[in-house]
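Visitor: The primary structure of each chain is shown beneath.
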Amino acid sequence: MSVLELDDIRLAVPHPSGDRTLLRGVSLSVAPGEALGLVGESGSGKSMTLRTVLRTEPRGAHVTGRVLLDGRDVRGLGTAELRRVRAESLAMISQDPRAALNPLLRVSRFLVEGLCDARGDDERTATRRARDLLAQVGIADVDRCMNSYPHQLSGGMLQRVVIAAAVAGSPRLLLADEPTTALDVTTQSEVMAILDEQRRERGMSMIFVTHDLELASAVCDRIAVMYAGEIVEISTPERLHAAPRHPYTRLLLDSRPSLTARTPVLPVIPGRPVAAYEVGGGCAFAGRCPWSEPGCTDGEIPLVRDGDRAVRCAREEELAGELAHATGTEATA
Amino acid sequence: MQRFVIRRLGALAVTLLFSSFVIYGAMYLAPGTPESFLVQGRTVSPEVLASIRAQYGLDDPFLLRYWHWLTGVLTGNLGESLTTRQDVASLLASRIPTTAWLTAYAALLIVVFGVVAGVVAGLRGGLLDTAVLLGSSVGFAIPTFFAALLLMSVFSVTLGWFPVFGAGSGFSDRILHLTLPAVALALPAAAVVARITRTAVVEERDTEHVSVALARGVPWRTVARRHIVRNAMLPVTTIVGVNIAALVAGATVVEHAFTLDGVGALLINAVQQKDFAVVQAVALVLVAVFGVVNLVIDVLYAVIDPRVQLGGESA
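Chain order of the listed sequences is A and B. Quick note: the first sequence uses UniProt numbering, first residue 1, plus one each step. Quick note: the second sequence uses UniProt numbering, first residue 1, plus one each step.
If you're looking for bench data, these hints aren't it; they were derived computationally from the structure. Fair warning: there could be bad hints in the mix.
Among chain B residues calculated to face chain A with C-beta under 10 Å, some are [stated by the list, open to error]: (1) 52; (2) 56; (3) 179; (4) 203; (5) 207; (6) 213; (7) 218; (8) 224; (9) 234; (10) 235; (11) 238; (12) 300; (13) 305; (14) 307.
For every residue, glycine included, the Cβ atom is placed at its ideal position computed from N, Cα and C.
Next up, chain A with everything else stripped away, as it sits in the complex (with noise of 0.2 Å):
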């Protein structure tokens, strides 16, 4: 059984001209120890996507479909439930580790409250492990940085941290939402190393929120694209690489610069992403799609499953060989 499984999470926030849709539908799902990639531009609902399975959406949003954890859906739990779920079943880590702490108290405190205060854990055990967890997360002077307050650590040993503290207590599920964007390169592999490295020897599952698809195809299992608040194709890194089935996923592989040829206009995929709440009938990447035909922008397209892929596409079957050779500027030109 998987251990998360979204079935078509539909997620709209309050806004003054009407409700404004963020995820369409969204539905995927994680085996255990499985390291699955959310890739997708800004706006997409990637990060939005992980808020629902922690039940920290924006006040307010009106979310329908269900997040089975284990089985059991999170969206229906009580206070008491929700809270036990979040802290022994989930653990997320965020972009920024500076915001994610509170700047006023020790790292030790930080440590020690996932586990005293929110597990039941007594202090003095909760200690010891929270300085067992820095030491395995590659922090050498423990003493120091769990008397340290957050300003006084860079923002590489502040993610080891949260990172420390999110695989504490050994959770079923890690979500992680773009946990090396807000750090140096040089300690972004440094730090990605450490959460992978924790992750497996943990067994534990994760969804990974990016927009690298080069990064997110080093340490994932599975990739999903997203696209205007839903998913457009999931696959295996190498077969996404090697034979992408949707044109978005095409775009996204081209755009990314070579390292070996040298291209003196990196290609850019036409036209502006377009949010949730602004799709209208069909396809929501019809607008922009080099390929798209009329018959695009009719009627819903599924995501439709071809063993451990699926793709929503209506051309798919016609476009398969096509996209896996062709590029999309090509196809433009």
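Based on the hints, put chain B in the right spot on chain A.
Guide: Just chain B now, with coordinates in the frame of chain A:
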């Protein structure tokens, strides 16, 4: 920390010197003469007036008079009152307890009602929030002297729960006598504090570290106490400090309204009578209290927020 406090006390001494000069100057330039008050409307010959002026050194140049006063203060002699011939130090000593009790009581009311109301409104929201917002608007809009009259007419005259005037003696009698004055004095400040506290709490409630703590399964009560209220106390400390420091000055109005024999009432009389030594002494006390309260707030700030470095550039 120690160096910071010493430096700040030094700065306070400079402030006292400067303000004493300004106040002396203002008194000197203000219309009216002390001797006309001394003779109290009786017709006196110019010779007598002249002898009075000579006796008190009123004909000396301004700077010389100020210098006499200043050297006296530096040697521990606050001078004596022109009108009552009493020693200013003992005059102050007899008046300070009432004002001290009144402001301490008002300060307590500000902290208890202002901060608590703000915290509750900010954390709970809803109807309670609206009530606190509305109440604080009303509290802030009512002038202190009007509040004093209103409280007196309702609780003293009509209901007879509290005495109309006097400061009382002994602890419980004092509390009984000073309740209405303290409420009148604390009302506007408590309103401001409640509002600022509420805003600070609401702002803190929406920060990421708070939602992170909740998403980690930390119980709401712990999050509210440790992350929301504690952090919100930073701006609250500042505003409470400023308001408490200002109470000493605000006490003047209330003491007058409730005919309390405090420092404020002393100041009003002394200014009217151009009683230089008394005005100067009271002003020094007020400035000193203001300075010390602010110093305490700054130190408290560093205790609450580890990022604040005492003695740094910002201090």
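Visitor: With reference to the structure, classify each hint as holding or not holding.
Guide: Comparing the hints with the structure gives:
1. 52: 62 Å, violated
2. 56: 57 Å, violated
3. 179: 36 Å, violated
4. 203: 14 Å, violated
5. 207: It holds, given that the least Cβ distance between residue 207 of chain B and chain A is near 7 Å, below 10 Å.
6. 213: 7 Å, holds
7. 218: 5 Å, holds
8. 224: Violated. Min distance 12 Å.
9. 234: 8 Å, holds
10. 235: Hint on residue 235 of chain B: violated, closest Cβ of chain A at ~13 Å, above 10 Å.
11. 238: Since chain A brings no Cβ nearer than about 15 Å to residue 238 of chain B, farther than 10 Å, the hint is violated.
12. 300: Hint violated; residue 300 of chain B Cβ to chain A Cβ min 13 Å, cut 10 Å.
13. 305: Interface hint status for residue 305 of chain B: holds (6 Å vs cutoff 10 Å).
14. 307: 5 Å, holds
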